[in-house]
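Asks: Protein chains in written order, with our numbering: chain A, 1375 to 1541; chain B, 6 to 248.
Calculated from the structure, these hints are not laboratory results. Glycine residues also receive a C-beta, built at the ideal position from the N, C-alpha and C atoms. Treat the hints with care, since some could be wrong.
[Claimed, not checked] If you only want the chain A side, here are some residues facing chain B, beta carbon under 8 Å, derived: (1) F1414; (2) A1422; (3) V1424.
[Stated by the list, open to error] Here are a few chain B residues that face chain A, going by a calculated C-beta distance under 7 Å: (4) A16; (5) I34; (6) G38; (7) R42; (8) R44; (9) T114; (10) V116; (11) V117; (12) R195; (13) L197.
[Claimed, not checked] Okay, the calculated beta carbon distance ranges per label pair: (14) A1432/A / R39/B: 18 to 28 Å; (15) D1428/A / A57/B: 40 to 50 Å; (16) E1431/A / E243/B: 21 to 31 Å; (17) N9/B / D1428/A: 42 to 52 Å; (18) K202/B / R1520/A: 34 to 44 Å; (19) A57/B / D1497/A: 49 to 59 Å; (20) A1383/A / E24/B: 46 to 56 Å.
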Amino acid sequence: MRRDDDFEAFYQASYARLVGQLTVMTGSREDAEDAVQEAFARASTRWATVRDYDMPEAWVRRVALNLATSGLRRSRRQRAALARLRLPTTQAAQSTDRLAIQAGLGRLPLHYRQVLVLHYGADLSVEQVAQQLRLPTGTVKSRLVRARAALGVYLEEPQEERGYARE
Amino acid sequence: MHENELRRQVAELVADHSEQAVPPPVAAIRRRGRLRRARQASGVILLIVAVAAGLVVVQQPLGRQLTPAPVVTQPPRPIQPPRPAQPRPALSFADEVQDMLGTTLVDMTVVVLERGKVSDDVWQLAAVRGTGRNSHKPKECLARSLATLGRPFGFECLGEGTNRPLARMTLGGGIHKTPLFGLAPQGTARVLLRGPKGTTPIEVPAKTIGPGFQRRYYLAPWKEGIRTAVALDGQGHEIAHYP
């Protein structure tokens, strides 16, 4: 397979999945798409190297995560992004459980959302999450436990206080 | 919540968002990468030129002092001041838009419409009219840039060759709370932007793009939750809607 075809196939196969993961992490599909597109743009210029990695998708996700995280910090609008996460106005009707999860995730700190999405949403093992985030395995485990506990607290609160729109 | 249930819910949430993501053409991604690399290279070249020019300026007086008096009978030739290398002019926004859409359109006309600043973000908006490279039919697009994110581009086009023939207007923007914008049919007088139930809609006038363009555009301040747009004619009748 030619190198260009190789990249295109990789791009087509991974783009939507990465945007989905980043959207849940950042709370904004626009930001997620921007970060993922920029990460793929960078991958395209060094594809000869990236294609030889064990998991090129992990490299792109790492770059996109860094871009999205620095973008969130720089613009100081994390709260607005979280609020957007709670307003899935363009989505098809979802179950109340899903909305509750979405709203609960939106209230978690970014580093908790990262481990939850990578472990449960991207189906990575704890070791892979640690490798992806460049953290010790123990840190990932403790964050997972704390994130689940915090999410559990939010999910037990009355729904009216969660702040998402119910149509 | 049980761990397996949590895993299922988060995975479904990610899958929901994944299904809504439509990848832009791979050529656009490659072009974005090449532009980024070119910008980096030109930055390095400019730095080298600046350093070299600085060294020349510093060395020049010393060189004059150390030069021995000429013994030849001919008058010394005047010392030519070093000519600094001309830095390559930076691409304008219109050029960058043209470059970005080069894989999609030919015979382009680019009109820079708006420019502004929100917090630390400088945003720009341009309209483009051209002929589809594949469809050979006219298309009109809006393209935006956002300086602080390393000039990423986004563009949305409408035309006879569009794969969404019913979508007669567009709604985009809003990244980093920059304004919302979109294309609307020629007869549009005002555009109504609606958010979730219970929120007040925004109404903004539709503006003319320029000669040759068959559509108008609108620009509205960012407001959270805006997802639908309705184009109204002079009598207040709906003539198009998004989505």
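Asks: So, for every hint listed, does it hold in this structure?
Replies: Hints, verified against the model:
1. F1414: Since chain B brings a Cβ to about 5 Å from F1414/A, closer than 8 Å, the hint holds.
2. A1422: violated, 13 Å
3. V1424: Since chain B brings no Cβ nearer than about 11 Å to V1424/A, farther than 8 Å, the hint is violated.
4. A16: With a minimum Cβ separation of about 6 Å from chain A (threshold 7 Å), the hint on A16/B holds.
5. I34: Hint on I34/B: holds, closest Cβ of chain A at ~5 Å, below 7 Å.
6. G38: Result: holds, 4 Å to nearest chain A Cβ.
7. R42: holds, 5 Å
8. R44: Check failed: Cβ of R44/B comes no nearer than 12 Å to chain A, outside 7 Å.
9. T114: violated, 26 Å
10. V116: violated, 24 Å
11. V117: With a minimum Cβ separation of about 21 Å from chain A (threshold 7 Å), the hint on V117/B is violated.
12. R195: violated, 22 Å
13. L197: With a closest approach of 16 Å, the L197/B hint is violated.
14. A1432/A / R39/B: 18 to 28 Å: For R39/B against A1432/A, whose Cβ atoms are near 24 Å apart, the range 18 to 28 Å holds.
15. D1428/A / A57/B: 40 to 50 Å: holds, 43 Å
16. E1431/A / E243/B: 21 to 31 Å: violated, 44 Å
17. N9/B / D1428/A: 42 to 52 Å: violated, 28 Å
18. K202/B / R1520/A: 34 to 44 Å: Holds - the Cβ-Cβ distance for K202/B and R1520/A, about 35 Å, lies within 34 to 44 Å.
19. A57/B / D1497/A: 49 to 59 Å: holds, 53 Å
20. A1383/A / E24/B: 46 to 56 Å: Roughly 20 Å apart at Cβ, these two residues miss the hinted range, so it is violated.
Checked against the numbered hints given earlier, the structure breaks hints 2, 3, 8, 9, 10, 11, 12, 13, 16, 17 and 20 and satisfies all the rest.
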